[in-house]
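Novice: Residues per chain are reported as follows:
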Amino acid sequence: MEQKTTLSPLIYMAFAMALIILIGIVTLRKPEYTFAISTSETHALVMEDQNSLSPAESRAIAEARTGGFRFIDLRNAYDFHQGTVAGALNLPTHSLLLPKAFDQLRSMDEEGATLVLFGHGGAAANGPWMVLRQLGFARVKVLEGGYSAYQAMLKDSGGTQEFVPAEMARYSYQDVVDSLISAAGQAVPADREKVPEKVVPVKKARSSAVEGGC
Amino acid sequence: MKITKRHIVLAGLLFIAGFGLLLLPMQENSKEISPEELLAELNDDTRFYTTDQVARMIIDKDPSFLLIDVRSPEAFGSFSLEGAINLPFADLMSPDALDLLSDDTRSLVLYSNDHVLAEQAWMLLRRMNLTHIHIMEGGLNRWMETILMPTAPGPAESAEAHALYSERSGARLYFTGINPAGDAGTAQATTQTQQEKVVPVKKARQSAVEGGC
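So the sequence lines, in the order shown, correspond to chains A and B.
Plus 536 on top of the position in the first sequence (first one is 1) and you've got my numbering.
Plus 98 on top of the position in the second sequence (first one is 1) and you've got my numbering.
Since the hints were made in silico from the structure, they are not lab data.
Do not take every clue at face value.
Which residues of chain B face chain A? A few of them, derived with a C-beta cut under 8 Å, are [as the list claims (entries may be wrong)]:
(1) V107
(2) E130
(3) L215
(4) L222
(5) R225
(6) M226
(7) L238
(8) T274
Cβ pair distances, simulated, as ranges [stated by the list, open to error]:
(9) A:A649 / B:T203: 44 to 52 Å
(10) A:Y614 / B:S192: 39 to 47 Å
(11) B:A138 / A:I561: 20 to 28 Å
(12) A:L555 / B:T203: 36 to 44 Å
(13) A:H617 / B:L196: 42 to 50 Å
(14) A:A600 / B:L262: 39 to 47 Å
(15) A:A600 / B:E180: 48 to 56 Å
(16) B:P193 / A:T563: 26 to 34 Å
(17) A:E599 / B:D142: 30 to 38 Å
(18) B:L262 / A:M583: 31 to 39 Å
(19) B:A109 / A:D639: 44 to 52 Å
(20) B:L262 / A:S576: 40 to 48 Å
(21) B:A188 / A:E599: 31 to 39 Å
We treat Cβ as the ideally placed atom computed from N, Cα and C, and that holds for glycine.
Bound conformation, chain B alone (with noise of 0.2 Å):
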């Protein structure tokens, strides 16, 4: 077969085309998301569940969340949230880290102490366009201050007050299966459910049973 003008053309087409695709690499960071839209995002509060909320994840056991302790894993050995998982942040850009966070089947919660450093690690994943990551706000601290030590509301505070602390009253007997609010009547009601809710929560048990022997 006789080479036309035709196939000239055509083939220069295609190496025109094969150039381009050569330049593409370089537009690789476009899968990242602008400064302009990662500062746009600091001033929008949707990446924060509060401690609440994450209590009533657990205690729901909602499928559809996971928890990742981004502290140390000596940290994590000594306390953590029931159903986390350990991913330290100076492993966060390991290779299976980054597998398992752009896992977007589920919503994932990333907490440490307080949230800085939680937030740290949503802003590099942020940055890399993953959507579904969130931030326990407060952190551990506050978790213990709300969750595992709520201050009781006056007798003067609102509804909502009396009826958070009572949410808060009820998650920390699941965490601890300890209620040492004085609310006499409701904790010899719950005494019987007390003791087959306690079960997952190992660490708070140890030291309450053995040290009765």
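The following block holds chain A by itself, in its conformation from the complex (with noise of 0.2 Å):
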């Protein structure tokens, strides 16, 4: 009995000992990267609106070397040495938690710079736009359309096509049905079918034609 009651609370303690080391490796555990803001904080700088740059402007601060701004190709090194945004700096998508890259993109924020983010098409510097900001990078924008958009306005040296920003509907389902209609039974040109501006909901109007009709 003696020996007993000497004995357990050691055994005790040994426990506690181990639950609280257990409890320190995994409070202690910090992981290498940590979201800056939440979710719903996330949600709600999504929604501001105020995160791109249309070619045109992108082109003007490119051109002019302004400071203050720092284009990132995100695309490969391949598509970079093809032709790139003036002074852009590539650090592919895959790339960018890693160390090296990390420190780039931290020392410029640092320094003050925007970071202008551009891949292949418009929605591809979406996800590591959203990445950063999470991070709690506050200065990074994306260029609209990306390098396809920007290389199409390059090209286009007369401003004759206009550019259409991301989440633009570009098309009425009642313009196209109404095309589907006219070109049932013949051939359709493929050109023909492309309705270039957006349109405003034209079933109101179309239903009080109709009931004129009769």
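Hey, can you piece these two chains together into the complex? The hints should help.
Specialist: Structure representation (structure tokens):
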């Protein structure tokens, strides 16, 4: 009996120590990167809608070498060497969180530069943009339309093509259906089908026109 | 009963364990995935479904998918995909929306006009470690281009291109009830089935039929 009472507290103490060490390990394990803002903060931030530069704005900034902006080309090195925005730095998407690339981003951010991200198309920079915003980068923008839109703008010297921003409905369903109906029975020229302008929902106008017809 | 040393130690142990519990809320974020994982997901295209895959799901009435339209209620009201429900991006973080989104018995397919807005929603949900969320690549703009207005392949193009075109023409017939492509033979043959197939697509019908009076 005497032996038991002296021994078991030791066992309990050992258990307690093990527990404390375990808690310590769990809480001390510090991940390399942590999200600086919560999901709901990110949600609010995404809706602010001041996150992009049009190709024309980007060109003006890039060609004037305006301080305070750094273009980041998220495409691979091959595409980067084929041509890129003047003064851009090549950091492919997958490499962004490797220590070397991240240190570069961090130091540019600390110098007060605004990072302008772009990939191939309009959506390519969207994900990386959200990752960097969530990691606490406050000045990050996206080049609207990506490098393909930028290149199209450079080639189109007359300014004839109008740039269509992301998330704009390019077609009205009603117009598409109308053009299909009118083309029914004969082959449709591929170009004619495209409705260039965003069209305000035609539904109401249409229904009144039909009512009037009877 | 006499309070022994053993009781004190036991109580102390419970106290320490309780203290550990107190620290647990700090670890709440561990449900989230790390920034590295999130970035890695971006290099993987499995989050995308093509418009052709989505068209197939709708036509097959595949019960394991739910289409979610993240555009505004007005945009949803003027045109949406068959069977889609509207969950505007602005309401994404509301408790009701999160309830719906965390139900992983079905795959959810988000869409918007392009896939930028849908992908932003996906990024937020993916960070919360929801794995059954997908995106319709190219959004409704590509839907219109590929499903409703497919471009006919030239005679020199591959058999796959022709097969894809005929699949898309079938899908267009299903969704609009119209078959404007010059395949005269099949157009005649399908007019019978066209009548019944058309029923669910109200918007297309209204203007076409009413205009005729």
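Novice: Per the hint of 44 to 52 Å, is the separation of the Cβ atoms of A109 (chain B) and D639 (chain A) within bounds?
Specialist: 50 Å, holds
Novice: Against the range 36 to 44 Å, how does the distance between the Cβ atoms of L555 (chain A) and T203 (chain B) compare: consistent or not?
Specialist: 38 Å, holds
Novice: With a cut-off of 8 Å, does the beta carbon of L238 (chain B) approach a beta carbon of chain A closely enough for the hint to hold?
Specialist: 7 Å, holds
Novice: Quick check: does the Cβ-Cβ distance between P193 (chain B) and T563 (chain A) fall within 26 to 34 Å?
Specialist: With a Cβ separation near 29 Å, P193 (chain B) and T563 (chain A) satisfy 26 to 34 Å, so the hint holds.
Novice: Is 31 to 39 Å a correct range for the gap between the Cβ atoms of A188 (chain B) and E599 (chain A)?
Specialist: 37 Å, holds
Novice: Starting from the hint 42 to 50 Å, judge whether the C-beta atoms of H617 (chain A) and L196 (chain B) obey it.
Specialist: The hint (42 to 50 Å, Cβ to Cβ) holds, given that H617 (chain A) and L196 (chain B) are roughly 44 Å apart.
Novice: Just to be careful: measuring from the Cβ of T274 (chain B) to every Cβ in chain A, is the smallest value less than 8 Å?
Specialist: 6 Å, holds
Novice: Tell me if the interface restraint on M226 (chain B) is satisfied: Cβ within less than 8 Å of some Cβ in chain A.
Specialist: 6 Å, holds
Novice: Could you say whether the range 44 to 52 Å given as a hint is met by the Cβ separation of A649 (chain A) and T203 (chain B)?
Specialist: 46 Å, holds
Novice: Answer holds if the nearest beta-carbon of chain A is closer than 8 Å to that of L222 (chain B); otherwise answer violated.
Specialist: 5 Å, holds
Novice: Between A600 (chain A) and E180 (chain B), is the Cβ distance one that fits in 48 to 56 Å?
Specialist: 49 Å, holds
Novice: Assuming the hint says 31 to 39 Å, is it satisfied by the Cβ distance from L262 (chain B) to M583 (chain A) or not?
Specialist: Given range 31 to 39 Å: holds, Cβ gap about 37 Å.
Consistency note: the structure conflicts with none of the earlier hints.
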